[in-house]
Amino acid sequence: MAREKKRLAELAALVEGELVGDPEVLIGGVADFDSAGEGEITFVADLKRGARLDECRASAIIVPTALTEIIGSAIRVRNPYLAVARIHSLFVAEPFVATGIDVRAVVGHDCHISAEVAISPLVYLGNRVKLGQRVTLHPGVVVYDDAVIGDDVVLYANVTIGQGCRIGNRVTIHSGAVIGSDGFGYATDGSGHHVKRPQVGVVQIDDDVEVGANTCIDRATFGKTWIKRGAKIDNLVQLGHNVVIGEDALLVAQVGVAGSTSTGNNVVIGGQVGLGGHIHLGDRVMIAAKSGVHNNLEPGAIVAGIPAIPHKTWLRSSAAYAKLPEMVRELRELKRKVAELSLAMEPGEDNSPGNNE
Amino acid sequence: MAREKKRLAELAALVEGELVGDPEVLIGGVADFDSAGEGEITFVADLKRGARLDECRASAIIVPTALTEIIGSAIRVRNPYLAVARIHSLFVAEPFVATGIDVRAVVGHDCHISAEVAISPLVYLGNRVKLGQRVTLHPGVVVYDDAVIGDDVVLYANVTIGQGCRIGNRVTIHSGAVIGSDGFGYATDGSGHHVKRPQVGVVQIDDDVEVGANTCIDRATFGKTWIKRGAKIDNLVQLGHNVVIGEDALLVAQVGVAGSTSTGNNVVIGGQVGLGGHIHLGDRVMIAAKSGVHNNLEPGAIVAGIPAIPHKTWLRSSAAYAKLPEMVRELRELKRKVAELSLAMEPGEDNSPGNNE
Amino acid sequence: MAREKKRLAELAALVEGELVGDPEVLIGGVADFDSAGEGEITFVADLKRGARLDECRASAIIVPTALTEIIGSAIRVRNPYLAVARIHSLFVAEPFVATGIDVRAVVGHDCHISAEVAISPLVYLGNRVKLGQRVTLHPGVVVYDDAVIGDDVVLYANVTIGQGCRIGNRVTIHSGAVIGSDGFGYATDGSGHHVKRPQVGVVQIDDDVEVGANTCIDRATFGKTWIKRGAKIDNLVQLGHNVVIGEDALLVAQVGVAGSTSTGNNVVIGGQVGLGGHIHLGDRVMIAAKSGVHNNLEPGAIVAGIPAIPHKTWLRSSAAYAKLPEMVRELRELKRKVAELSLAMEPGEDNSPGNNE
Numbered sequence: 004m005a006r007e008k009k010r011l012a013e014l015a016a017l018v019e020g021e022l023v024g025d026p027e028v029l030i031g032g033v034a035d036f037d038s039a040g041e042g043e044i045t046f047v048a049d050l051k052r053g054a055r056l057d058e059c060r061a062s063a064i065i066v067p068t069a070l071t072e073i074i075g076s077a078i079r080v081r082n083p084y085l086a087v088a089r090i091h092s093l094f095v096a097e098p099f100v101a102t103g104i105d106v107r108a109v110v111g112h113d114c115h116i117s118a119e120v121a122i123s124p125l126v127y128l129g130n131r132v133k134l135g136q137r138v139t140l141h142p143g144v145v146v147y148d149d150a151v152i153g154d155d156v157v158l159y160a161n162v163t164i165g166q167g168c169r170i171g172n173r174v175t176i177h178s179g180a181v182i183g184s185d186g187f188g189y190a191t192d193g194s195g196h197h198v199k200r201p202q203v204g205v206v207q208i209d210d211d212v213e214v215g216a217n218t219c220i221d222r223a224t225f226g227k228t229w230i231k232r233g234a235k236i237d238n239l240v241q242l243g244h245n246v247v248i249g250e251d252a253l254l255v256a257q258v259g260v261a262g263s264t265s266t267g268n269n270v271v272i273g274g275q276v277g278l279g280g281h282i283h284l285g286d287r288v289m290i291a292a293k294s295g296v297h298n299n300l301e302p303g304a305i306v307a308g309i310p311a312i313p314h315k316t317w318l319r320s321s322a323a324y325a326k327l328p329e330m331v332r333e334l335r336e337l338k339r340k341v342a343e344l345s346l347a348m349e350p351g352e353d354n355s356p357g358n359n360e
Numbered sequence: 004m005a006r007e008k009k010r011l012a013e014l015a016a017l018v019e020g021e022l023v024g025d026p027e028v029l030i031g032g033v034a035d036f037d038s039a040g041e042g043e044i045t046f047v048a049d050l051k052r053g054a055r056l057d058e059c060r061a062s063a064i065i066v067p068t069a070l071t072e073i074i075g076s077a078i079r080v081r082n083p084y085l086a087v088a089r090i091h092s093l094f095v096a097e098p099f100v101a102t103g104i105d106v107r108a109v110v111g112h113d114c115h116i117s118a119e120v121a122i123s124p125l126v127y128l129g130n131r132v133k134l135g136q137r138v139t140l141h142p143g144v145v146v147y148d149d150a151v152i153g154d155d156v157v158l159y160a161n162v163t164i165g166q167g168c169r170i171g172n173r174v175t176i177h178s179g180a181v182i183g184s185d186g187f188g189y190a191t192d193g194s195g196h197h198v199k200r201p202q203v204g205v206v207q208i209d210d211d212v213e214v215g216a217n218t219c220i221d222r223a224t225f226g227k228t229w230i231k232r233g234a235k236i237d238n239l240v241q242l243g244h245n246v247v248i249g250e251d252a253l254l255v256a257q258v259g260v261a262g263s264t265s266t267g268n269n270v271v272i273g274g275q276v277g278l279g280g281h282i283h284l285g286d287r288v289m290i291a292a293k294s295g296v297h298n299n300l301e302p303g304a305i306v307a308g309i310p311a312i313p314h315k316t317w318l319r320s321s322a323a324y325a326k327l328p329e330m331v332r333e334l335r336e337l338k339r340k341v342a343e344l345s346l347a348m349e350p351g352e353d354n355s356p357g358n359n360e
Numbered sequence: 004m005a006r007e008k009k010r011l012a013e014l015a016a017l018v019e020g021e022l023v024g025d026p027e028v029l030i031g032g033v034a035d036f037d038s039a040g041e042g043e044i045t046f047v048a049d050l051k052r053g054a055r056l057d058e059c060r061a062s063a064i065i066v067p068t069a070l071t072e073i074i075g076s077a078i079r080v081r082n083p084y085l086a087v088a089r090i091h092s093l094f095v096a097e098p099f100v101a102t103g104i105d106v107r108a109v110v111g112h113d114c115h116i117s118a119e120v121a122i123s124p125l126v127y128l129g130n131r132v133k134l135g136q137r138v139t140l141h142p143g144v145v146v147y148d149d150a151v152i153g154d155d156v157v158l159y160a161n162v163t164i165g166q167g168c169r170i171g172n173r174v175t176i177h178s179g180a181v182i183g184s185d186g187f188g189y190a191t192d193g194s195g196h197h198v199k200r201p202q203v204g205v206v207q208i209d210d211d212v213e214v215g216a217n218t219c220i221d222r223a224t225f226g227k228t229w230i231k232r233g234a235k236i237d238n239l240v241q242l243g244h245n246v247v248i249g250e251d252a253l254l255v256a257q258v259g260v261a262g263s264t265s266t267g268n269n270v271v272i273g274g275q276v277g278l279g280g281h282i283h284l285g286d287r288v289m290i291a292a293k294s295g296v297h298n299n300l301e302p303g304a305i306v307a308g309i310p311a312i313p314h315k316t317w318l319r320s321s322a323a324y325a326k327l328p329e330m331v332r333e334l335r336e337l338k339r340k341v342a343e344l345s346l347a348m349e350p351g352e353d354n355s356p357g358n359n360e
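Top line first, the protein sequences correspond to chains X, A and C.
In the working numbering, each number is its position in the first sequence, counted from 1, plus 3.
In the working numbering, each number is its position in the second sequence, counted from 1, plus 3.
In the working numbering, each number is its position in the third sequence, counted from 1, plus 3.
Incorrect hints may have been included.
One copy or two, it doesn't matter: identical chains are merged, so the pair holds either way.
Stated by the list, open to error - With a cut-off of at most 35 Å between alpha-carbon atoms, the simulated DSBU-like pairs for lysine-lysine come out as follows:
hint : residue 1 : residue 2
1    : K199      : K133
2    : K326      : K338
3    : K326      : K227
4    : K51       : K8
5    : K340      : K51
6    : K133      : K338
7    : K340      : K326
8    : K8        : K338
9    : K133      : K51
10   : K51       : K326
Note that these hints are calculated values from the structure, not bench results.
Using the sequences and the hints, build the whole thing.
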């Protein structure tokens with residue numbers, strides 16, 4: 004695709020960076036360090052990589068402020084990742100093309116569908132569904148009755164949006180994700196049979212959220228399961244009924260969150276972490292990958308382990324864990340020595356040092 | 004939806020509870036404590052919540068037997084969760100509507116489909132498929148050749164039922180679940196290449212089972228992978244070939260069970276637990292979230308950890324784990340002291356206490 | 004299905020095994036030990052099972068070389084699993100039936116589709132898609148624009164192949180798998196908002212790879228995420244952007260691999276293992292189930308635990324872990340004893356042993 008080219012000075016202004024070299028260099032796209040060439044901009048995020056700047060064939064480069072020995076044209080910024088994200092987004096942005104509703108899609112009755120949409124073949128919309136402006140529904144998407152979807156939403160192939168669920172603006176949901184499956188709620192009778200508790204709530208996803216492929220977000224038992232603005236959720240994540248995920252949260256792949264747990268804003272939850280039910284994580288909590296948390300965490304807490312403990316402690320404890328066999332040996336040896344000493348010091352014993360002369 | 008209202012006395016009888024207050028109060032639905040209002044019943048499951056009974060705006064409330072200071076009308080029961088599950092199910096039950104087979108569904112040859120079914124657009128049925136009474140197939144469901152599905156089954160969007168698999172009565176399977184994918188079985192040749200072992204068995208799911216969204220249940224290598232009556236399986240669970248899950252089992256989200264492992268009845272397996280292959284869990288085994296089990300477990304065992312150990316031991320071991328760095332310090336200090344003592348006690352040494360006077 | 008029967012001598016030759024008994028026995032299929040009957044061949048993989056050879060009703064049996072007391076006809080081989088895989092594959096192989104493109108499939112423009120394909124109803128192909136010979140696409144499969152698929156590929160129900168992704172020959176992908184979802188890449192601005200980094204690379208899957216149900220493989224940020232020849236990936240696995248999986252790797256269910264991590268050939272990664280980002284595993288690395296790895300591993304390393312340590316150490320450490328409460332007690336007891344001893348040895352104290360006489 005022939006993209007419009009931008010002057011390097013424009014790009015530097017966009018990211019509020021310091022321009023080095025030729026402001027008139029024309030840039031038509033972004034590529035990674037090793038493959039970038041003429042007419043492209045690339046980036047180095049850390050200084051080690053900067054050592055190889057002479058190997059770079061790109062027309063310009065985004066570098067961290069601390070990097071001073073620059074070859075050729077560059078933009079110096081505090082956060083190269085952020086700058087490249089913004090510049091790259093500029094180049095790859097596609098204008099929305101309103102293809103309308105394909106005749107091979109299935110649309111229920113009483114739907115409110117904006118004029119500007121792109122609904123693929125093999126999409127299914129139930130009854131009374133509302134779709135905002137510039138919504139893109141890929142093949143195999145199923146939207147159940149009474150769901151409400153905002154503007155500029157993209158649902159990739161085979162995504163399911165459950166009955167009555169609400170999706171905000173600028174939300175992207177990747178293939179196979181299931182929004183609004185039933186929560187896992189049962190009551191057990193005297194014979195050990197599990198009686199299903201009806202799950203009559205919904206899922207609400209606020210603006211600017213992204214949900215990964217094959218992720219599952221259960222509807223609430225009552226009320227709503229709630230993903231707040233700007234949260235980013237990776238693939239194969241499980242969020243139980245009535246979970247609340249705070250603004251700008253990051254949930255890495257395969258995280259599981261049990262029912263009724265809530266988080267503050269800007270939490271970072273590593274891959275394969277499990278959160279128990281009915282707990283709350285404060286703002287800015289960070290949890291290392293594979294940890295298990297079953298207690299509330301204060302704002303700013305950084306934890307690791309199963310069960311999770313302060314990350315600094317965990318680093319030392321896990322180092323000690325690898326030395327446990329040695330500790331067992333040392334402890335045994337100490338016990339032996341202390342027993343010898345005790346014996347040696349018993350009064351009236353021939354082998355006590357006091358009697359030795 | 005205008006539900007039929009029920010007298011409180013009827014509801015109390017349904018759950019074998021003790022009626023307190025006005026038996027003639029009319030109830031039209033169930034809501035949670037904070038949102039319930041006029042004409043609704045709600046519940047408190049624990050006594051702490053009971054302290055706020057005066058804030059309740061519901062027309063009646065389900066309370067535990069131990070709660071004695073009741074304001075207004077109530078039903079007292081041993082297990083409020085069970086009572087609310089039964090009463091709520093009564094109110095939300097929808098009569099089955101036999102919409103038949105939508106013309107936009109694809110149906111193979113020689114299928115046996117009961118008269119009363121609801122098959123959505125964009126459903127695919129292979130050849131020789133059998134569907135019982137009151138089966139509901141949502142859009143995107145794919146049922147392969149020779150599968151057999153019982154009565155009152157609901158398959159949500161994009162569920163796959165593999166060739167020859169058998170689904171019992173009153174089974175619900177949530178969106179994206181895959182029943183009957185191939186087991187992960189290979190034999191490795193002398194060059195390190197993996198030769199696929201054909202997976203020719205099926206999956207059999209018995210009556211009253213519920214399977215969560217995007218869960219995968221592999222077909223058997225030979226014979227059947229078998230989910231027995233009443234088992235409830237959460238989202239994103241993985242069950243390998245030839246696994247047997249006992250009656251009334253509860254498997255929480257993201258559990259993984261390796262091939263040929265079996266469980267007794269009424270087991271409870273916490274979220275993200277992994278079970279190794281070829282082991283057996285006895286009846287009523289309980290496994291804490293995130294544990295890893297690779298040995299047989301006796302009936303009634305309660306375990307935790309990786310590898311799993313008795314839960315009580317694990318509680319103490321995991322508490323000690325957080326103190327390992329301290330133990331390392333203490334052990335080092337003890338070694339130093341014991342070395343000093345040993346030295347002090349060596350005969351003929353000036354600093355031995357025996358020579359001190 | 005009436006399969007062509009094979010003489011036992013033929014089967015022995017196929018697997019380079021030693022024939023015992025009647026070379027003319029006719030075999031029509033493979034079954035497991037307990038259900039195999041007349042006209043079938045079965046196998047025992049270990050000698051313990053061999054003790055029950057007299058209970059076997061199969062017409063022939065595949066046994067390990069070490070098993071010498073054979074009843075009836077048999078094939079003796081070094082690796083019975085490998086022999087049974089090959090013989091069974093011979094019997095279950097189905098000739099490809101080119102049913103063409105079903106009229107209820109949706110095909111974009113400028114696709115290159117080989118003459119011999121089997122494309123089911125409700126399949127969606129985007130524009131400029133290329134399909135090789137003998138490709139089978141099951142219902143609900145979605146192949147995005149510009150994807151390239153080789154020969155003899157099978158995509159089961161509801162598989163998604165993302166834009167521009169490349170699938171080699173003889174690749175099988177099970178239901179619900181998502182190939183080419185966006186990588187989880189964001190840069191965070193000064194307000195804590197996450198700005199998406201465009202994910203413009205692809206996924207490349209080489210020949211003879213098998214991918215499990217509901218597994219997700221993210222496209223690269225730049226370049227490609229790459230699954231090399233012969234790798235076998237189980238269900239519900241998550242592979243991040245720019246991951247490289249080496250030849251003949253085995254990844255068991257629910258494994259998660261963070262971005263830019265690569266493996267050598269013939270690695271074996273147990274169920275629910277997590278690999279951190281930007282690390283490399285050497286050839287033949289083996290990782291026990293549920294481990295967490297965040298450092299490079301040398302070729303041939305065998306590790307376990309979170310964080311992963313050498314497997315042998317882990318066995319001893321995890322055994323010691325269960326005894327930590329006891330160690331805590333012993334350590335406390337030792338401290339007490341050493342304190343007593345120290346006190347006893349202080350000069351001039353009445354209770355020192357040296358003053359005791």
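Okay, the hints, checked on the actual structure:
1. K199 - K133: both (30 Å within a copy, 27 Å between copies)
2. K326 - K338: both (18 Å within a copy, 16 Å between copies)
3. K326 - K227: neither (47 Å within a copy, 40 Å between copies)
4. K51 - K8: within (30 Å within a copy, 65 Å between copies)
5. K340 - K51: Result: close neither inside a copy nor across copies, 52 Å intra and 47 Å inter.
6. K133 - K338: neither (74 Å within a copy, 71 Å between copies)
7. K340 - K326: Classified as both: same-chain Cα gap 21 Å, cross-chain 21 Å, threshold 35 Å.
8. K8 - K338: Classified as neither; 76 Å inside a copy, 71 Å across copies.
9. K133 - K51: Answer is neither: 51 Å inside a copy and 41 Å across each miss the 35 Å cutoff.
10. K51 - K326: within (34 Å within a copy, 38 Å between copies)
In this structure, the earlier hints numbered 3, 5, 6, 8 and 9 are contradicted, and the remaining ones agree with it.
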